[in-house]
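*Asks:* Each chain, letter by letter, is given below.
2 protein chains.
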Amino acid sequence: MNSIKTYINEHKNRFVDELIELLKIPSVSADSAYKNDVLQTANFVSESLKKAGCDKVEICETPGYPIVYGEKIIDKNLPTVLVYGHYDVQPADPINLWESPPFKPVVKKTEIHPEGAIFARGACDDKGQMFMHIKALEYMTSTGNLPCNVKFMIEGEEEVGSKNLSWFVPRNKEKLANDVILISDTGMIANDIPSITTGLRGLSYVEVEVTGPNRDLHSGLYGGAVANPINILTKMIASLHDENNRITIPGFYDAVEELSTLERTEMAKAPFSLENYKNALDIDDVHGEKGYTTNERNSIRPTLDVNGIWGGYTGEGAKTVIASKAFAKISMRLVPNQNWEKITTLFKNHFESIAPKSVKVNVKPHHGGQGYVTPIDTIEYQAASKAYEKSFGKTPIPQRSGGSIPIVALFEQELKSKTILMGFGLDSDAIHSPNEHFGIWNYLKGIETIPYFYQYFTELFKK
Amino acid sequence: MNSIKTYINEHKNRFVDELIELLKIPSVSADSAYKNDVLQTANFVSESLKKAGCDKVEICETPGYPIVYGEKIIDKNLPTVLVYGHYDVQPADPINLWESPPFKPVVKKTEIHPEGAIFARGACDDKGQMFMHIKALEYMTSTGNLPCNVKFMIEGEEEVGSKNLSWFVPRNKEKLANDVILISDTGMIANDIPSITTGLRGLSYVEVEVTGPNRDLHSGLYGGAVANPINILTKMIASLHDENNRITIPGFYDAVEELSTLERTEMAKAPFSLENYKNALDIDDVHGEKGYTTNERNSIRPTLDVNGIWGGYTGEGAKTVIASKAFAKISMRLVPNQNWEKITTLFKNHFESIAPKSVKVNVKPHHGGQGYVTPIDTIEYQAASKAYEKSFGKTPIPQRSGGSIPIVALFEQELKSKTILMGFGLDSDAIHSPNEHFGIWNYLKGIETIPYFYQYFTELFKK
Chain A
1 MNSIKTYINE HKNRFVDELI ELLKIPSVSA DSAYKNDVLQ TANFVSESLK KAGCDKVEIC
61 ETPGYPIVYG EKIIDKNLPT VLVYGHYDVQ PADPINLWES PPFKPVVKKT EIHPEGAIFA
121 RGACDDKGQM FMHIKALEYM TSTGNLPCNV KFMIEGEEEV GSKNLSWFVP RNKEKLANDV
181 ILISDTGMIA NDIPSITTGL RGLSYVEVEV TGPNRDLHSG LYGGAVANPI NILTKMIASL
241 HDENNRITIP GFYDAVEELS TLERTEMAKA PFSLENYKNA LDIDDVHGEK GYTTNERNSI
301 RPTLDVNGIW GGYTGEGAKT VIASKAFAKI SMRLVPNQNW EKITTLFKNH FESIAPKSVK
361 VNVKPHHGGQ GYVTPIDTIE YQAASKAYEK SFGKTPIPQR SGGSIPIVAL FEQELKSKTI
421 LMGFGLDSDA IHSPNEHFGI WNYLKGIETI PYFYQYFTEL FKK
Chain B
1 MNSIKTYINE HKNRFVDELI ELLKIPSVSA DSAYKNDVLQ TANFVSESLK KAGCDKVEIC
61 ETPGYPIVYG EKIIDKNLPT VLVYGHYDVQ PADPINLWES PPFKPVVKKT EIHPEGAIFA
121 RGACDDKGQM FMHIKALEYM TSTGNLPCNV KFMIEGEEEV GSKNLSWFVP RNKEKLANDV
181 ILISDTGMIA NDIPSITTGL RGLSYVEVEV TGPNRDLHSG LYGGAVANPI NILTKMIASL
241 HDENNRITIP GFYDAVEELS TLERTEMAKA PFSLENYKNA LDIDDVHGEK GYTTNERNSI
301 RPTLDVNGIW GGYTGEGAKT VIASKAFAKI SMRLVPNQNW EKITTLFKNH FESIAPKSVK
361 VNVKPHHGGQ GYVTPIDTIE YQAASKAYEK SFGKTPIPQR SGGSIPIVAL FEQELKSKTI
421 LMGFGLDSDA IHSPNEHFGI WNYLKGIETI PYFYQYFTEL FKK
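Keeping their order, the protein sequence lines are chains A and B.
Going by our numbering, the first residue of the first sequence is number 1, and it counts up by one from there.
Going by our numbering, the first residue of the second sequence is number 1, and it counts up by one from there.
Treat the hints with care, since some could be wrong.
What the hints assert, rightly or not - Pairs of lysine-lysine, BS3-like flavour, derived with a Cα cap of 27 Å:
| no. | chain 1 | residue 1 | chain 2 | residue 2 |
| --- | --- | --- | --- | --- |
| 1 | A | 364 | B | 235 |
| 2 | A | 290 | B | 364 |
| 3 | B | 290 | A | 360 |
| 4 | B | 235 | A | 360 |
| 5 | A | 394 | A | 12 |
| 6 | A | 416 | A | 173 |
| 7 | B | 278 | A | 357 |
| 8 | A | 24 | A | 108 |
| 9 | A | 109 | A | 394 |
| 10 | A | 348 | B | 235 |
| 11 | A | 290 | B | 357 |
| 12 | B | 364 | A | 235 |
| 13 | B | 445 | B | 109 |
| 14 | A | 104 | A | 12 |
| 15 | A | 108 | A | 235 |
| 16 | A | 76 | A | 175 |
| 17 | A | 278 | A | 386 |
| 18 | A | 360 | B | 278 |
| 19 | B | 51 | B | 104 |
| 20 | A | 235 | B | 278 |
| 21 | B | 235 | A | 357 |
| 22 | A | 235 | B | 360 |
| 23 | A | 56 | A | 76 |
| 24 | A | 360 | A | 348 |
| 25 | B | 12 | B | 76 |
| 26 | A | 235 | B | 290 |
| 27 | A | 278 | B | 360 |
| 28 | A | 109 | A | 5 |
| 29 | A | 278 | B | 235 |
| 30 | B | 357 | A | 278 |
| 31 | A | 235 | B | 235 |
| 32 | B | 235 | A | 290 |
| 33 | B | 348 | A | 235 |
| 34 | A | 357 | B | 290 |
| 35 | B | 418 | B | 386 |
| 36 | A | 235 | B | 357 |
Keep in mind that the hints were calculated from the coordinates and are not lab data.
Take these sequences, add in the hints, and give me the full structure.
*Replies:* Okay, structure coming up:
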């Protein structure tokens, strides 16, 4: 299979150009203003799968955005790889912090990406990483190197909680039957330190609304005498963490697994410089739960973060008003044993219970998902590890991530197969932020590594 | 002077129509997008003063929006009344809560205003109340009933802190020389309970910015390990009030005058129903400083209110982001002895001191002003009281207001004259809120009362 490097060299400019076309479509699933763009992106993915050699491609309707399904079945006695990815992207705002428009992709060189990186919303998360799989398939089908069966399931609602994927998967178990699920929607430590994500956090996302008086009031005439919903909201949110930055919701930590000293010692061996971390973010200090390191805080510990807050007058100048309402979007990252639906209920009950009588509170659960841990003593993990060894020349480090792909736990439950998280992005790629990008080296390295996984997994599966 | 009622009856439709024309111009001083409208409003006021009989009218340039000056001097031996008002208005947002567009005035009947009220931004605050004085002047000049000299000073930056009025007044002391300053920019208790405002709170308005990481971050990859500026801002704001709702800024209460039991007993005699107050605002409970009544909390006690807060993702749906920055607009209402500049400094120092090392904080003072108390044993107050008695048939109640007209303390300091606050609006007029309105009865009652003040003040002044 040495020809993969040659094939990439011959086609890499086209590979980049095709991804740029995909990135031009603003498939923001959170904002209904982009509905037509999201649908157009599903068509783009469908066409790409056909061109890459799938025998059967369908745009499967759901109650929300469609799921693009494709397959190439070469022999029912061979194993089947199911590739999952998503064609929707995060909203691009704050737009004014982008150095180039989020949906006009440009290639620029950076310190970390001397061979150039594509800057656009979705470049890494997940259009770029999803498209690697389509290009890897193209290589395997066009050169006769596909060693097993392959199925694709590319959804358009990952960034808003995959609600309709949860609807689709149980209804299509036979269609989706597989021996391993392969996902590239995570990152690795560095281009010279490949890693495989073996843990994901769960998620509970809620929106809260605090209502005080029935209309906006003059802050002079009413100030001091009426509950100001913004003041109250800040008090309520502030009370959700104690002085050690532990979350105060009763029962929140009940299911949290405490890692052994040995496991924590192993984790601490991953290369990490606190100084570099602080410098990269331009912060004087980190901030988190007492008793845990930075790498523990963002992987094995649950969190509660306000993702957005708004209320009152936010325009230019001054307005002396007491707003009628204040709002916040709050998400909790959960560790594998925490049940996201239970946590959502705990949050809602607690938040309602701490509201003073002078306001009304409404907690609206948004979406969520379970955390996940991949075992590393399986043929799935071994195949992935060997694939990285082949393309990177180094054994990848298993690493737990702080991020969430809520659907992964459901896959295991419904489809009874393990998921392998082969991510080729970097932390510095600014996913979910302005100026998201994806290194061209990483993109091509992903395309190179994927066929090796197919090869090794098929070999190990036969044994 | 019985003819004032006749004159109003003959001209009232025109008086309403002229005010409606003035209200159509969106003179929002806080938002530079409305610059041309603010300037056009100054012209409108200038033309109205000419038509009402002023001998000399000028649009006086300042470093900001101009001040419209007008005068009619009939005899240097007679006293001079200086009328102050403002032609700028508060921003209209949240626009979607207006039942009719804020700058398309409509007349509608309400329970409190059975003779109709004009609904528009600025209807009461302060275009309507300011325009009463121009129409009262028209009556006095056109019927030969002007008993003294009159000067007008109408500014365009009251809603943003009157910065350039503070610049203008000390530079124009001779032009502005007067024997009493008359302002209608406050309210009264009810249409059958006339009152005169004898106290105003001071104001300190600031904007705060909390910066965490140098860019928006993925809340999964960084959540729990990096200070979230929104979480931090809520902690910082929450800490500004203690469990008794007292403000925790060191030194904040140092200059606050504690009223005697007698004074508080007198205050408590003003008609007030807590049940009606709660019902009108649709709240289950009031909220404020422990140990004080609602009417004390919003008049003789200082406050700290968040007028606006924003940060992170506030659009539709969900975004799992840790924002780089979070912001709030915060105002403090002050009681007469508190120095607003000192309070601003205390706030800034305290807010910076409570920030954890993991964030950077920037406090930007916006504007402010001193509180004010009008004595009631003066001929100015007596003239006002007699004017209300004549037009309302009842002695007005002296009342301290929670609002602020920051410039009033400066007038006394620079121009050495007392200010009389004759307000004809009602609390329910929703100033600074959606659906601001001004009763037509109140508008005409103001026009009726003002000439009596001129008459009685001139008479008492001669004695």
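*Asks:* Given the hinted pair residue 109 (chain A) and residue 5 (chain A), is their alpha-carbon gap at most 27 Å?
*Replies:* holds, 22 Å
*Asks:* Take the C-alpha atoms of residue 51 (chain B) and residue 104 (chain B), compute the straight-line distance between them, and say whether it is at most 27 Å.
*Replies:* Given pair residue 51 (chain B), residue 104 (chain B) holds - Cα atoms ~24 Å apart, limit 27 Å.
*Asks:* Please verify whether residue 290 (chain A) and residue 364 (chain B) have alpha carbons no more than 27 Å apart.
*Replies:* Judged against 27 Å, a Cα distance of about 32 Å means the pair is violated.
*Asks:* Holds or violated: are the alpha carbons of residue 364 (chain A) and residue 235 (chain B) at most 27 Å from each other?
*Replies:* holds, 23 Å
*Asks:* Is residue 278 (chain A) close enough to residue 235 (chain B), meaning Cα to Cα at most 27 Å?
*Replies:* holds, 22 Å
*Asks:* With the threshold set at 27 Å, check whether the alpha-carbon distance from residue 235 (chain A) to residue 357 (chain B) stays at or below it.
*Replies:* Holds, because 21 Å separates the two Cα atoms, which is no more than 27 Å.
*Asks:* Mind checking the alpha carbons of residue 357 (chain A) and residue 290 (chain B) for me, to see if they're no more than 27 Å apart?
*Replies:* holds, 15 Å
*Asks:* Would you check the hint for residue 278 (chain A) and residue 360 (chain B), treating anything up to 27 Å between C-alpha atoms as holding?
*Replies:* Measuring from Cα to Cα gives roughly 14 Å; hence the hint holds.
*Asks:* Between residue 109 (chain A) and residue 394 (chain A), is the straight-line Cα distance small enough, at 27 Å or below?
*Replies:* holds, 25 Å
*Asks:* CA of residue 290 (chain B) to CA of residue 360 (chain A), is that 27 Å or under?
*Replies:* holds, 21 Å
*Asks:* Decide if the proposed pair is consistent with the structure: residue 290 (chain A) and residue 357 (chain B), CA atoms, cutoff 27 Å inclusive.
*Replies:* Roughly 15 Å separates the two Cα atoms, so the pair holds.
*Asks:* Would the pair residue 235 (chain A) and residue 278 (chain B) pass a check requiring their Cα atoms to be no farther apart than 27 Å?
*Replies:* holds, 22 Å
This entry does not satisfy hints 2, 15, 17 and 25, going by the numbered hints stated previously.
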